[in-house]
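Chemist: Quick note, the sequences are listed as chains A and B, same order.
When we follow the working numbering, the leftmost residue of the first sequence carries the number 1, and every step to the right adds one.
When we follow the working numbering, the leftmost residue of the second sequence carries the number 1, and every step to the right adds one.
It should be emphasised that the hints constitute simulated quantities derived from the structure, not laboratory data.
Some hints could be false.
Only pairs whose alpha carbons sit at most 30 Å apart, straight line, appear in this in silico DSSO-like list of lysine-lysine [stated by the list, open to error]:
#, chain 1, residue 1, chain 2, residue 2
1, A, LYS52, B, LYS58
2, A, LYS424, A, LYS212
3, A, LYS495, B, LYS48
4, B, LYS241, A, LYS122
5, A, LYS281, A, LYS337
6, B, LYS110, A, LYS499
Remember, it's a predicted structure, so these values are computed and weren't measured experimentally.
Here is what each chain is made of, one letter per residue.
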Amino acid sequence: MNELASVDWSRAQFALTAIYHFLFVPLTLGLSFLVAIMETLYVKTGDLEWKKATKFWMTLFAINFAIGVATGLIMEFEFGTNWANYSWFVGDIFGAPLAVEGILAFFMESTFFAVMFFGWNKVSKGFHLLSTWLVALGSNLSAFWILVANGWMQYPVGMVFNPDSARNEMANFFDVLLSPVAIAKFLHTVASGYVIGSLFVVGISAWFLLKKRDLHFAKRSMLVGASFGLLTSIFLTLSGDESAYQVAQHQPVKLAAMEGIYKGEHRAGLIAFAVLNPDKKIGDDLHPFIGDIEIPYLLSFLGYRNIEAFVPGLDDLVYGNPSKGVISASERIESGKIALGALKSYREAKKEGNAALMQESHTLLTTHMPNFGYGYLDKPEQIVPPIALTFYTFHLMVSLGMWFLALFIIVLFLLMKREIMRYKPVLYAALWSIPLGYIAAECGWIVAEVGRQPWAIQDLMPVHIAATNLGSGNVMISFTLFAILFTLLLIAEIKIMLKQIAIGPDGGH
Amino acid sequence: MFELLSLLQLQQLWWIIVSLLGGVFAFLLFVQGGQTLLFSLPANETEKTMLVNSLGRKWELGFTTLVLFGGALFAAFPLFYATSFGGAYWVWLAILFCFIIQAVSYEYRKRPDNFLGTKTYERFLYLNGSLGVLLLGIAISTFFSGAQFHLDENRFVFWDNPLRGLEALWNPFNYLLAFTLFFLSRIGAGLYFINNIDHDALHVKIKTMLRSHTLLFLLFFVSFMGWILTKEGFAYDPLTKAVMIVPYHYLNNFAQMPWVLALFGLGVCLVVFGVSRALFSTSKTSIKPFGVGVIFTVTALFLTVGLNYTVFYPSLSDLQSSLHIENASGSFYTLTTMSYLGLMIPFVVAYIAYAWYAMNRVKITEAEMNDSSQHHY
Chain A
1 MNELASVDWS
11 RAQFALTAIY
21 HFLFVPLTLG
31 LSFLVAIMET
41 LYVKTGDLEW
51 KKATKFWMTL
61 FAINFAIGVA
71 TGLIMEFEFG
81 TNWANYSWFV
91 GDIFGAPLAV
101 EGILAFFMES
111 TFFAVMFFGW
121 NKVSKGFHLL
131 STWLVALGSN
141 LSAFWILVAN
151 GWMQYPVGMV
161 FNPDSARNEM
171 ANFFDVLLSP
181 VAIAKFLHTV
191 ASGYVIGSLF
201 VVGISAWFLL
211 KKRDLHFAKR
221 SMLVGASFGL
231 LTSIFLTLSG
241 DESAYQVAQH
251 QPVKLAAMEG
261 IYKGEHRAGL
271 IAFAVLNPDK
281 KIGDDLHPFI
291 GDIEIPYLLS
301 FLGYRNIEAF
311 VPGLDDLVYG
321 NPSKGVISAS
331 ERIESGKIAL
341 GALKSYREAK
351 KEGNAALMQE
361 SHTLLTTHMP
371 NFGYGYLDKP
381 EQIVPPIALT
391 FYTFHLMVSL
401 GMWFLALFII
411 VLFLLMKREI
421 MRYKPVLYAA
431 LWSIPLGYIA
441 AECGWIVAEV
451 GRQPWAIQDL
461 MPVHIAATNL
471 GSGNVMISFT
481 LFAILFTLLL
491 IAEIKIMLKQ
501 IAIGPDGGH
Chain B
1 MFELLSLLQL
11 QQLWWIIVSL
21 LGGVFAFLLF
31 VQGGQTLLFS
41 LPANETEKTM
51 LVNSLGRKWE
61 LGFTTLVLFG
71 GALFAAFPLF
81 YATSFGGAYW
91 VWLAILFCFI
101 IQAVSYEYRK
111 RPDNFLGTKT
121 YERFLYLNGS
131 LGVLLLGIAI
141 STFFSGAQFH
151 LDENRFVFWD
161 NPLRGLEALW
171 NPFNYLLAFT
181 LFFLSRIGAG
191 LYFINNIDHD
201 ALHVKIKTML
211 RSHTLLFLLF
221 FVSFMGWILT
231 KEGFAYDPLT
241 KAVMIVPYHY
251 LNNFAQMPWV
261 LALFGLGVCL
271 VVFGVSRALF
281 STSKTSIKPF
291 GVGVIFTVTA
301 LFLTVGLNYT
311 VFYPSLSDLQ
321 SSLHIENASG
331 SFYTLTTMSY
341 LGLMIPFVVA
351 YIAYAWYAMN
361 RVKITEAEMN
371 DSSQHHY
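Looking at chain B on its own, in the form it has when it is part of the complex (with noise of 0.2 Å):
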């Protein structure tokens, strides 16, 4: 079956499959926005047991999600995972470190005797929401920006800056995507809480939190779609594939894909029913319309970047030595290969979303929390 189709197929595929996780991903981020909650949401430290307990049900998943979206990067695109993880090593790590110490900050923060204290492990989960989701997001804006690096003859990466990655700290245009995934993400933790737990003060509490971030998130988001939009981009020749610098590409990306944009058009409005119905209605499922509409939005976001000969990790040291899906992907066996076992993905997916749907019926209380027989984080 996948051996009919053309390599350049296989690679806009696999760019594809990459760029619905990065969706899934950036759905997932809610856990990270509600551990940035924890200090000014929760009245009590019931509320705040609810609120941990809430999220420590589902952090794996994004956890695992991420790494999912680097080991397919690297079947996938294995250029793009060694120029950007070898050469950006610092962004990366970075990254890494916030979320080595979430991993451990559920199980351990309630232990007794847990060494760093109860504080420590919160301050974690602090980092891990806020410093951790603003380094991912200026690490995907540089997919618009661009880096410096360049590529010798055996493809092997040479960063052109001692910063090893964090120089993409000092570009202010990165920080629009950055702020506009913190907002989300903390919008998202939101609407979660008011779907998993039954608590009318914290309810009306979200509610007001709601109100503010949705305005901050909007004006990130505008802010950072004005600037690609309106930004030179990088593109290749689908013949010679030469790297060149077009005027309005991403724009243009959407013109020529209206699949893409009407993907786009459709997330942006399911995010913003979503956020709309929490706001103005009793309903507790807004979380369903606006999972849904994040995930297309930023999966056409991830396209616009990779396709239509759209150069998706530009070099600013040396142009054509930027990556694109052509030349930065697996061989037609491996992609073929994956793609078979990529089949696999509905079943997984239909037994996350029975675990979510058992997990979820009974919603979160305070009796729960008060249950010492029960495992509580």
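Bound conformation, chain A alone (with noise of 0.2 Å):
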């Protein structure tokens, strides 16, 4: 019991520390490009005014970066912290990615960062355009890297189990790093930091406007914002859709709980809102909602590119559906169970040196490897991530995301037509929507989190064997002392931040 507990407190505090971690690193990625495009027509035109607005955005992205940093390093070391097992049982893998990321992104950023921020008369015009530009790459590289290990653990390649030292090994790193479902995380990521920095620029521009100061100045940046948040928005709808794609092709029980499907149908609808039915339980007859609109054919044609393509339902993968070829989780957990057996007797049988039985049992232990970590299970239904909570904010993800694309399309189209200043709703839309963007952002993360639960690799090992043997009274009050620091860090961040607006491009820096 205390075990299970202590497991709980190190979801939530990993939980939190990447909530408050990714409330600051979307702006770094989309504001550090926007930055650099300011920047580079300062330098191409020479007009002073777009060094004030590049100087004015750098210092708020300065201002997120600090936190950013502070928040993400913690995220490095509780792998380590309270996910040893984790660590130990893939860290041949998932190591690597970090170690690079090290090596090729963080300095990039640290290095050209003390450039960008200090360097303005210390080197050459063309220099410090350069590191801003390396700034903004090694931001974007770090993801990539930070994303290839998540992706990793949403669909496991590359790697083969080593039954000596019982832990997964990597076999092919090209693999891991190019695997489909972590080149479309990173794409649908990044692009999601693109449109928040965008969202950023546009709304505290818009602030500007609806003060009526800085008029200049912010028609320009929301410009820039508004044309770059455009192009990132149609680009994050398109890696959404690779995405979702590749959550139907590799992780089926997300996808369902997604869309809130317990049936599983050809030609399936995808629904556009719904309300869920609170006493709706795997198996039984109830309607899945309470009240729903539904885009006929859209989920197969999206999720396999066939409207005629079966999608399969809870009901399905925990039960099984033999007629459409789904194995039902008792079987896997059945498989899993053997898979531990193998392990352990492969163990018995290489100390005793019987080389026979060592060999019978890799074979066997080989088979039912892809079912490894259901050997972990005691119930079907525990395969099963919390519904609402994956399938709300699904949707209001989903939902947020073309508010945005329609918000640049009006505010693009208003500032050609010289007429923003006339739509204060407009204004006041794109200032309110700065916080949407963020709540976009974590819920696109609850989906993939929460929505691949219980596991902490896919089908391999679930979270409470992942986690290190801590009592719950450790986590409970780490949790509670990071959870006290960053809120006032995040207070401090958010007064500093408003206090800077406030001053306007005209103020210190």
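Put the two chains together into one complex, using the hints given.
Modeler: Shown next, in the form of structure tokens:
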């Protein structure tokens, strides 16, 4: 019981630190490019107004960057502190992207960050501009490596299980690096960062316009922000489609939870809007929704690129559907337990020096390895993630993504017609869309991470096995300390940011 | 190329890389050392601002090296990463908290409406530079003194002390390395300030500080060396991999690896030379020999605790659970792949060196601190 509570505290702590961290990362990803674009315009045109704009947004970037670094540090080390068993079980594969992230991305960011902020009068214009672009590139490279690592957890590839060391070992680095899930995750995540950066610039520019302050600066910034936002919103939509396609291929339980599908069907429709039936349980005959709006055929098409395709529901995945070739979770649990037993007999045979039994056990283990993690589960229903949280966050994320696309189109249109000042509701909408961007991004991570529970590594290791053997009291205390510290730092960041915005582009840097 | 190496050679190569990273990180701790001088060295707010800005342009390098050090250990020696970080939970979390508060302090310290107040961020910097460095020293000292853990058949860690790593604080020998690092970092900061800040009055005060700190550093460093060279060490049999306790093992390691001894000796000489030159001449570049010396010395110390069939993370609860480079490492494939990626390191070092040079060509002055068009901490 204590062990379970400890796992839950570790999950809560990781969720807390990840959510805080991802409040700052997307703005770093997006704003770094926007700042680089503005500085490029300054260097190209020599127009000092662009330099002023660059410096203003760069100052906000620095305030955000500092706290992103602070919260990011803990993410790397938490794999060791709270998920020690995981770290050993797959460290051979998972550690490599983190190390490469340090070598290739963090040093680039940290080195050129100093040049970007303090080098205006110390290095040439060209070198300064290059430094700004390299900070943007470094931030995005960093995102790439960490998302390769995360993508691997969602879809583990490129490895073999070594029964002698009882861990997974990397067999093909390029399979890990170029995994379609990892690539889709990277593209979708950085795109969300670009959109948030754009919302931030457009929203704050809107505030200046509403206040009738620094109008020239605000309109220019808004134009850059909305243009970048429109392009990246389109890209966000396309990469989101690819991301969902990969989920359908490799994490069907997550897809079923995202869409609230209990009974699988051909020509499945996409739920545009719905309220879940709170009484609905796996395996019963209740309707999953109290009310819903469905777009026919679309889920089959988006998930499998074929409107006739069968989309399995939670009932199929938990209890099996032989006619559609869906294996039940019970069968997979049984298979997983055979794998664990084979590993045990392999070890005993090795101790006894029984080569024949070792070979036999190894063959059995290899056969059942795809279900290895299921061996740690007790009930088939354990494979189902929290449905309501996954479902609602997914739909909220998608709806907000559509809203951002529309907002950028409207803002750009009004800017082109030079009528943006006349449409105050649009300016207010732009301003209030800043927090909506963050909500959408956090929803995306909740879908990705809550939606794959109970797995730390899909099908290989459930979270309760991955966690460090810690007493719950320890993690409860550290969770509380993190909550207090990060909340204080967040308040500080917001207050400083608001003050700096109020000071405006002519203020101090 | 790297495929031609044996697994043991790759493990040794990666221990050398990790050792080098440890050496570089120890040098970059001058930022932390400088942070502990903020309350004592400057005579006024302008001088303090100069110190903060001088350090503020380098803090991220140290921070990044710490992250890379963690990442390299994760990839190359995942069992150590899992065992130490998961086991000595509270020591590592305490260290991390000290570094989290550093990351925001430079940027937020002087910002208007900064919520916690300038003094709080300065105290954060002091805490990072003092407690952070002392705890790091204690954590690394357990490489020599050992820790209370055992591993099960899956090599999952079980920590055998409820203090989860904080028990290392009760071993007085661990403080020898902790205070060695603490004073070393302050000396490094002094030499860096002389190099980076154009301010005569500060230079005079720094030289006074250097005299007392050099004596204190030598006292702790010699004591630390005396302790490890005379204590029993932890080694393993190359064939059976059985772990055993060997008298004077670290002393023997120096004798049996003369190149490590030479590296160590050269490092110590460079450190002494760097400090002496700063004290007894008008040179402003003593940070260079000092820095190279620190990197060499610390690298040699890491090498002596990891190579020559030495256990680098001894278990006091179950000797056979102790970690060495052979049982804690990544696979042949991963180490080979990582080695190829490591070929990028010289390129990274080159651009860091160039950026450092470009930024340090112009020294920090009072005039720059008073220029409101520039970004300041």
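Chemist: Has the given pair, LYS241 (chain B) with LYS122 (chain A), been kept, meaning a C-alpha gap of at most 30 Å?
Modeler: 56 Å, violated
Chemist: With a cut-off of 30 Å on the C-alpha distance, tell me whether LYS424 (chain A) and LYS212 (chain A) pass.
Modeler: 11 Å, holds
Chemist: Taking 30 Å as the top limit, are the C-alpha atoms of LYS52 (chain A) and LYS58 (chain B) close enough?
Modeler: Holds: LYS52 (chain A) and LYS58 (chain B) sit about 26 Å apart, inside 30 Å.
Chemist: Is it true that the CA of LYS495 (chain A) sits at most 30 Å from the CA of LYS48 (chain B)?
Modeler: Holds, because 24 Å separates the two Cα atoms, which is no more than 30 Å.
Chemist: Is LYS110 (chain B) close enough to LYS499 (chain A), meaning Cα to Cα at most 30 Å?
Modeler: Status holds; Cα separation ~12 Å.
Chemist: Under the criterion that the straight-line Cα-Cα distance not exceed 30 Å, is the pair LYS281 (chain A), LYS337 (chain A) satisfied?
Modeler: Holds: LYS281 (chain A) and LYS337 (chain A) sit about 26 Å apart, inside 30 Å.
Figure legend: structure checked against the earlier numbered hints; the only hint not met is number 4.
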